[in-house]
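Peer 1: Each chain, written out:
Number of protein chains: 2
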Amino acid sequence: MYWVNLLRQRKIMNLFLYGIAFALIFSPAGLFANEAATDGAAHVAASFPLIFLWIAIILMLAKVSALIERVGQPAVLGELLIGVALGSLYLFGITFFEDIKTNEIIHFLAELGVVILLFQIGIESSVKTMVKVGVPSFLVACVGVILPQSAIYFLGPWLAPGLSSTAYLFLGATMTATSVGITARVLQDLGKAHTAEARTIVGAAVIDDVLGLIILAVVSAIVIQGSIDAYTLTIIILKAVAFLGGGIIIGGWLAPRFSTFFSKVHTGVGMKFAVVIFFGLVFAYLAALVGLAPIVGAFAGGLILTPVYFDEFTDPGFVTDMKTAMKEEHINGRLAEKLDNIIHTHSHRHIEEFVQHLGHFLVPIFFVLTGMQVKLAVLMDGKVVMMAVLILIVAIITKVLAGWAVGKGMNKLAIGVGMIPRGEVGLIFANMGKSMGVMDDVVFSAIVIVIMATTLITPPMLAAVFRRIQA
Amino acid sequence: MYWVNLLRQRKIMNLFLYGIAFALIFSPAGLFANEAATDGAAHVAASFPLIFLWIAIILMLAKVSALIERVGQPAVLGELLIGVALGSLYLFGITFFEDIKTNEIIHFLAELGVVILLFQIGIESSVKTMVKVGVPSFLVACVGVILPQSAIYFLGPWLAPGLSSTAYLFLGATMTATSVGITARVLQDLGKAHTAEARTIVGAAVIDDVLGLIILAVVSAIVIQGSIDAYTLTIIILKAVAFLGGGIIIGGWLAPRFSTFFSKVHTGVGMKFAVVIFFGLVFAYLAALVGLAPIVGAFAGGLILTPVYFDEFTDPGFVTDMKTAMKEEHINGRLAEKLDNIIHTHSHRHIEEFVQHLGHFLVPIFFVLTGMQVKLAVLMDGKVVMMAVLILIVAIITKVLAGWAVGKGMNKLAIGVGMIPRGEVGLIFANMGKSMGVMDDVVFSAIVIVIMATTLITPPMLAAVFRRIQA
Chain L
568 MYWVNLLRQR KIMNLFLYGI AFALIFSPAG LFANEAATDG AAHVAASFPL IFLWIAIILM
628 LAKVSALIER VGQPAVLGEL LIGVALGSLY LFGITFFEDI KTNEIIHFLA ELGVVILLFQ
688 IGIESSVKTM VKVGVPSFLV ACVGVILPQS AIYFLGPWLA PGLSSTAYLF LGATMTATSV
748 GITARVLQDL GKAHTAEART IVGAAVIDDV LGLIILAVVS AIVIQGSIDA YTLTIIILKA
808 VAFLGGGIII GGWLAPRFST FFSKVHTGVG MKFAVVIFFG LVFAYLAALV GLAPIVGAFA
868 GGLILTPVYF DEFTDPGFVT DMKTAMKEEH INGRLAEKLD NIIHTHSHRH IEEFVQHLGH
928 FLVPIFFVLT GMQVKLAVLM DGKVVMMAVL ILIVAIITKV LAGWAVGKGM NKLAIGVGMI
988 PRGEVGLIFA NMGKSMGVMD DVVFSAIVIV IMATTLITPP MLAAVFRRIQ A
Chain D
568 MYWVNLLRQR KIMNLFLYGI AFALIFSPAG LFANEAATDG AAHVAASFPL IFLWIAIILM
628 LAKVSALIER VGQPAVLGEL LIGVALGSLY LFGITFFEDI KTNEIIHFLA ELGVVILLFQ
688 IGIESSVKTM VKVGVPSFLV ACVGVILPQS AIYFLGPWLA PGLSSTAYLF LGATMTATSV
748 GITARVLQDL GKAHTAEART IVGAAVIDDV LGLIILAVVS AIVIQGSIDA YTLTIIILKA
808 VAFLGGGIII GGWLAPRFST FFSKVHTGVG MKFAVVIFFG LVFAYLAALV GLAPIVGAFA
868 GGLILTPVYF DEFTDPGFVT DMKTAMKEEH INGRLAEKLD NIIHTHSHRH IEEFVQHLGH
928 FLVPIFFVLT GMQVKLAVLM DGKVVMMAVL ILIVAIITKV LAGWAVGKGM NKLAIGVGMI
988 PRGEVGLIFA NMGKSMGVMD DVVFSAIVIV IMATTLITPP MLAAVFRRIQ A
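Same order as they appear, the protein sequences are chains L and D.
So for the first sequence, the numbering used here puts the first residue at 568; every next one is plus one.
So for the second sequence, the numbering used here puts the first residue at 568; every next one is plus one.
Just chain L, with the same shape it has in the complex (with noise of 0.2 Å):
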């Protein structure tokens, strides 16, 4: 419709003026990436700008895939889908795109990205809402860990004939954990990240994570020990239940002084913006630091930190505009608290605003990264299809069986279905067991495509089922 209207308008001569300068910039890149990236001695000098072009194309293309939005589909769905598109252009010959699946950096960016996504979901929540849907929250985790475990353990030889019954105990372990990070994306771009189903959704995901990576210690124990101990087993479940409960009880008490005496020591929005970053990055730390996953601990620290805490720093030059005209003008009654509400609202808004930023510029890289990674050659092996297929509808099936676990009062489909996509965690158990020799790369190849699958099909389907659910 919009190329059309753009037609309509006889903006055609503007096209065809925009193509050439695209052309003029994209042709140089395009005839001297190879040559930068292969210039031995400056080749370490030279990575770093061909990283920074990498990056724009990456924000480019994700922003211009949001366009998927006006067929109803969330942006993430179109991120995914560059990603993929982006990964697949080997197949055509073009190379460039290439060493950004390899690459170190992008990596580290695209971590940092999900690190601050499920920082900004922890900020939008509280721990207040995190209690009160805290029980319903633990029933799904719990539900949505055994059903997946148990079901891929026992089903296992006709999933994937020929295993050993430790390789089906640990193919079960990779896809216990919900990955919040597209759930929650998806329901932000929805605008429906304020429900209760999401709130469920996002709590259950933490402590499915949580759950997953206590299984994964439990199981990768069996595997190399043949058993487990007692002792190991609960300092295991212990750390991960003091991280998250202390975190809370002394983030809760430390964020409130912390920011009031921060903002003593300076009021300008750097340091507003240090203050903030800094509970994020140090809590992801301090979750990797007792073995659990960074964004276990972003997540943690965001819940921390509410808008309240940082009431001291407002954005100076609009407030004393807005309060200058209104006591000038000598402005009362109704105007006066109308414009007292603008006020308030957009001065408070800095606080998940900057952080925003920084996630506008990282989280796309994410998402792109991780629709790089799904090897669509695979999927020329029919065994492997079939495999991945069958280990995919078991493991819709039981996450989505799982959000009956939340009782009466909320939608069940809808949390099921939320519970469904997996991601890094599992890539990382995944990628363990490999590397343990518990399984070879068909098995890993298959678990990965289901991964990228639940990932694919989970969009549509939550914006399917949450429509019909009041934000």
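There's no promise every hint is true.
[As the list claims (entries may be wrong)] A few chain L residues that don't get close to chain D, going by computed Cβ distances all over 10 Å: (1) LEU626; (2) ILE661; (3) PHE664; (4) ALA760; (5) ALA763; (6) ILE782; (7) THR799; (8) GLY812; (9) ALA892; (10) ILE909; (11) HIS924; (12) LEU943; (13) ASP948; (14) VAL1015.
[Said to hold, decoys possible] Calculated lysine-lysine pairs in the DSBU-like style (CA-CA distance at most 35 Å, straight line): (15) D:LYS905 / L:LYS890; (16) D:LYS806 / L:LYS668; (17) D:LYS668 / L:LYS806; (18) L:LYS759 / D:LYS890.
These aren't lab readings, by the way, just hints derived from the structure by calculation.
Note that the structure is predicted; figures quoted are calculated from it, not measured.
Where a beta carbon is used, it is the ideal one built from N, C-alpha and C, also for glycine.
Please arrange chain D on chain L, whose structure you already have, making use of the hints.
Peer 2: Relative to the frame of chain L, chain D by itself:
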């Protein structure tokens, strides 16, 4: 004064509580950090969270160091000193921060930070005002390149006895390029970025970079071949001129069309952000492609982007709220004018604002890292110190004299002082000279110290000379 007031307010107890809180946060970091870093199997996975922690600490310390502003010094000096302190902790047996110095991801973020900084400076400038200061900038740049190059070449045997004549040629080249980053940041901190002097310095430093790179290319060719042909010389010079001129002309034509086009695709703040960042990063890449420093490209990219092109992207929530309130209350006349003014100021500021937020995250990393590269241990060698002091004096005098090339109507001393700091380009040159075998370790160390010294002495000198200049 601040601490005295705090104590007077009987907040000693609170400070004590903060101390405990900090200890709680940092003690696990200190205890487990080395374990995480040396934990063989999980090394690659564990290093990302460790980098998160490094970034968090760097950001926080950088912002706390902004307290230096209370004694009238620019914040960047605080960041550099924090860097020197962090980089010297190993002398006291604390090696936790040592790996930052060589970590490629941190170096990337620092490089991206300086690109974003120059991009920001570029956005705040415009081609029109650049042309206005064009001739003085060009004169200052030329004299500021010729003077240090020839002075160090001819005085070389007294400054650093016993080197070859090509070594003196190379040594001169490392002192030609002014590091625009330090000066630009200091002038921004001082609120003097819009003075004619500031624009002249920034303009001269950019031309200077280009001239310095041409000189380096020429000197390198002489070192390698013993001579240089007119063809190669012409190509090098043409590339630089074509890039800046062509970039500004094509980019200036392209920018308004590009932003209008993409504002039709998607009007969200994410799209605005992507378009702006795209320009900065693509220009940085294109500069590197033709053999110039990426920061030159980022500056050119920012120069062609002026807020005017982004009228299509205003903060819709704020503008709507204000317009609705004004309409509902039938506001006219002087008050309407005032409110329109506020709307205009605070909805358009966003264009620079989100680049700023990215800058808040990345720029301190660059300056702290720069500080960390200072090797205090080298100062133990009297021979190195002597050489460094002599080169430093020549490096300062020659750049200050270049200020007199500006002609009438501007503060010559202020411009000369602003040209003193050397930085990334000089360090890159020094590294090349060392790897080409022209310089030994002692000369290299001396150059690094001189570059650091020019950087450390400039902020207070700039603050002193600019205090009298009206913004």
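Peer 1: The structure should be examined with respect to each hint, and the outcome stated for every one.
Peer 2: Evaluated hints:
no., hint, result
1, LEU626, "violated, 5 Å"
2, ILE661, "holds, 18 Å"
3, PHE664, "holds, 14 Å"
4, ALA760, "holds, 16 Å"
5, ALA763, "holds, 25 Å"
6, ILE782, "holds, 18 Å"
7, THR799, "holds, 17 Å"
8, GLY812, "holds, 15 Å"
9, ALA892, "violated, 5 Å"
10, ILE909, "violated, 5 Å"
11, HIS924, "violated, 4 Å"
12, LEU943, "holds, 26 Å"
13, ASP948, "holds, 29 Å"
14, VAL1015, "holds, 17 Å"
15, D:LYS905 / L:LYS890, "holds, 12 Å"
16, D:LYS806 / L:LYS668, "holds, 32 Å"
17, D:LYS668 / L:LYS806, "holds, 32 Å"
18, L:LYS759 / D:LYS890, "holds, 28 Å"
Violation of the numbered hints given earlier is confined to hints 1, 9, 10, 11; the remaining hints are satisfied by the structure.
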